[in-house]
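With the hints as extra help, turn the sequences into a complete structure.
Top line first, the protein sequences correspond to chains A and B.
Position 11, counted from 1, in the first sequence is what our numbering calls 11; the numbers after and before it change by one each time, with no gaps.
Position 101, counted from 1, in the second sequence is what our numbering calls 101; the numbers after and before it change by one each time, with no gaps.
It cannot be assumed that every hint is accurate.
DSS-like mimics (lysine-lysine), calculated; alpha carbons at most 27 Å apart, straight line [what the hints assert, rightly or not]:
hint, chain 1, residue 1, chain 2, residue 2
1, B, K91, B, K306
2, B, K185, A, K351
3, A, K351, B, K91
4, B, K306, A, K241
5, A, K146, A, K249
6, A, K351, B, K306
7, A, K248, A, K146
8, B, K222, B, K91
9, A, K62, A, K176
10, B, K222, A, K350
11, B, K306, A, K248
12, B, K302, A, K248
13, B, K306, A, K350
14, A, K112, A, K176
15, A, K351, B, K222
16, B, K302, A, K350
17, B, K91, B, K302
18, B, K91, B, K178
19, A, K241, B, K302
20, B, K185, B, K91
21, B, K302, B, K178
22, B, K91, A, K350
23, A, K146, B, K185
24, A, K146, A, K241
25, B, K306, B, K178
26, A, K146, B, K222
27, B, K306, B, K185
Quick caveat, the hints were computed from the structure, so don't treat them as lab data.
Small disclaimer: the values here were computed from a predicted structure and weren't measured.
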Amino acid sequence: MSNRKLISFLRIFEKDSVIESVITPIIGLIVGLLIVAIIILLQGVNPITAYQELIFGAIGTKINLFSTLLKFIPLSFTGLAVTLAYRAGVFNIGAEGQLYIGALVATWVAIKVNLPFYLPSLLALISGTIVGGFFAFIPAYLKVEKGINEVLTTILMNYVGINIMGFSVNSFLMEKGQTAPQSPLIERSAHLPIIAKLEGVHLHIGIVLVFVIAFLMHDIFWNTTWGFEIRSVSINIEASKYGGINVKKVIMIVMFVSGAIASLAGSTEVLGVQHRLMENFMIGYGYDGITVALLGGLNPLGVLVAAFFLGALRNGAYSMQIATGIPISIIYVVQAFAILSIISASALYKKFLAEN
Amino acid sequence: MIDILLAILNISFLQAIVNMSTPLLLAAIGDIYSERAGVLNIGLEGMMLIGAFSSFVISYHFNNPYMALIVTIIIGFGLGIFHAFFTVTLKADQVITALGENILALGLTSTLYRIIIGVTEIQPECPGLPVLYIPVINRIPVVGDIMSGSNILVYIAFLMPIITYIIFEYTSFGLSIKAVGENPKAADSLGINVNVIRYIAVIISGIFAALGGASLTIGGLKYFFDNMTAGRGFIAFAAVIFGRYTPLGVFVGTLLFGVSDAFQLRLQTLGIQLPYHIFTSIPYIVTLLVMIFSRQTSFSPKALGKAYVRSS
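Laid out in structure tokens, this is it:
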């Protein structure tokens, strides 16, 4: 499997300019929505009505906007995790497993630790990142030491991570006297601080963390030696080695941090929104991180834009389903066509350049 | 411990291995063609899912599992063309395309299931493929017993390694595929149409991946649920790497995963006090361990993953 080739192809997604990285996801999603409009039409539903419901459900009221932002947070974390790894030439498809493991460890710590103020939640977040990071470190280690491609190992580890979490909420972390696979409620002292409240919807501090990490990442990539080292590893491994960069070390550290960021998607959701761990509590957010990263031009700031759109899509799809009966799962069709349309557009563009 | 030994030392355990290996074997053997021709197909997962879904729907709707089988082959053909169009014609990246395809398969099957079948209280069942009785095979001791409950897909799956071996070793078509995967430029100069061979190879992979999915529904459970392939496509892909792209190696690889799958099911039915999550992880962990302990890179076709650009 030629990874160098993959990374060089991905460069078409790589948008260093912020404006470009904002426009790409929008165009991709528009194409996706147009194709899906045909499926909706075949269902005997007017696509315009359906999409009006979708937009209303996503941002129509303040509460809906808040719910969209609550989906924006985990999508940003996983999108940033995939972006960071990619920038070092590693394809992290394991965000799903990393976030499940992160959520598991964070919940466990939040339930066991009894400390005042927000210390338990801080401790929970940190332990989640360490274990999530370690979960991502394994494929990185296998890649650099054994030459095993990370695409396959991270996918396989997702299933392992999801099953470990499922096992935990069915055994030692299961709420006493309950038959449902879920943990007990987390004490209030271990909840994440809430920064805004609107009726029943609480926006937690995770959103601040998202912006901090995104801007920090952006700054590190383009203004520091670290960022230069990370980017040069993905561009040319041989040249980086020659230039004195410890390629193995860079890849392992970056994957650890990538897993740590992915774990935050799970731990902030548990500590900030759901307050207990349930089996299958956030299916697909890790895989959506890949879509977010690709649509966001593999640029930390573009990721924020793409994550917002995908969050809106996820949230709006509920209203669309209630109003028109179009299943929520259709958003995956939209996302797939968004990616495939960008792939084909850029492939055609490359072909056009080659022929002229 | 004796319980466990007794549970696995019998014919029904061997039958379970055959049943668990069939979907993987079909997808993995088909994938050999694609990989050998130089096209990665991580889209196996999505192709299997679509195959599982379409065979279920057709069999459910028309009450005819054989018709479902034929439609699935046609759909697999289409899936192959889809993947080949992106990877061979457009020369798009083979991994990204596959990721897009897998998301598409998940979205399409879940959506269409709700549209066509709707949300029901009881899981609707479709007619499954009937047991196929082949006089010669079924009279062989042990083998006959193991195969006695099998449908046509199981026979196809276990014949494919032999057929594939013959194709790759003794036919010019097999030789062309290998040439295209190892050195497309040289193949081209010998008058082999690289893109046509790659299209055919990817189409074969698409058909068998779809059949692998069909063996889960019309050849297995007789019902469909969201994301029911649960990573089997990825495991099949791993089996191809483990099997070093050879029919025999891939056969051994899929059997190994079949054994671990059958073993975990058997332990569950024994009522051993361990939650099922531990058991369901076994095949994935075995796959990971197998990848760690088997060397792989040096065996892959030289042009694997690279689109062929004809230079003048």
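Checked hints:
1. B:K91 x B:K306: Distance ~8 Å between B:K91 and B:K306 Cα, so the pair holds.
2. B:K185 x A:K351: Satisfied, since the Cα-Cα distance of roughly 19 Å is no more than 27 Å.
3. A:K351 x B:K91: Holds, at about 9 Å.
4. B:K306 x A:K241: 24 Å, holds
5. A:K146 x A:K249: 14 Å, holds
6. A:K351 x B:K306: Holds - the C-alpha atoms of B:K306 and A:K351 are around 15 Å apart, at most 27 Å.
7. A:K248 x A:K146: Within the cut-off at roughly 11 Å; holds.
8. B:K222 x B:K91: 38 Å, violated
9. A:K62 x A:K176: With Cα atoms ~37 Å apart, A:K62 and A:K176 exceed 27 Å; violated.
10. B:K222 x A:K350: 45 Å, violated
11. B:K306 x A:K248: 25 Å, holds
12. B:K302 x A:K248: 24 Å, holds
13. B:K306 x A:K350: Holds, because 15 Å separates the two Cα atoms, which is no more than 27 Å.
14. A:K112 x A:K176: 15 Å, holds
15. A:K351 x B:K222: 45 Å, violated
16. B:K302 x A:K350: It holds: about 24 Å lies between the C-alpha atoms, which stays within 27 Å.
17. B:K91 x B:K302: 17 Å, holds
18. B:K91 x B:K178: 19 Å, holds
19. A:K241 x B:K302: 24 Å, holds
20. B:K185 x B:K91: Distance ~16 Å between B:K185 and B:K91 Cα, so the pair holds.
21. B:K302 x B:K178: 10 Å, holds
22. B:K91 x A:K350: Satisfied, since the Cα-Cα distance of roughly 10 Å is no more than 27 Å.
23. A:K146 x B:K185: Violated, at about 30 Å.
24. A:K146 x A:K241: Within the cut-off at roughly 18 Å; holds.
25. B:K306 x B:K178: Judged against 27 Å, a Cα distance of about 14 Å means the pair holds.
26. A:K146 x B:K222: 41 Å, violated
27. B:K306 x B:K185: Distance of about 12 Å is within 27 Å: holds.
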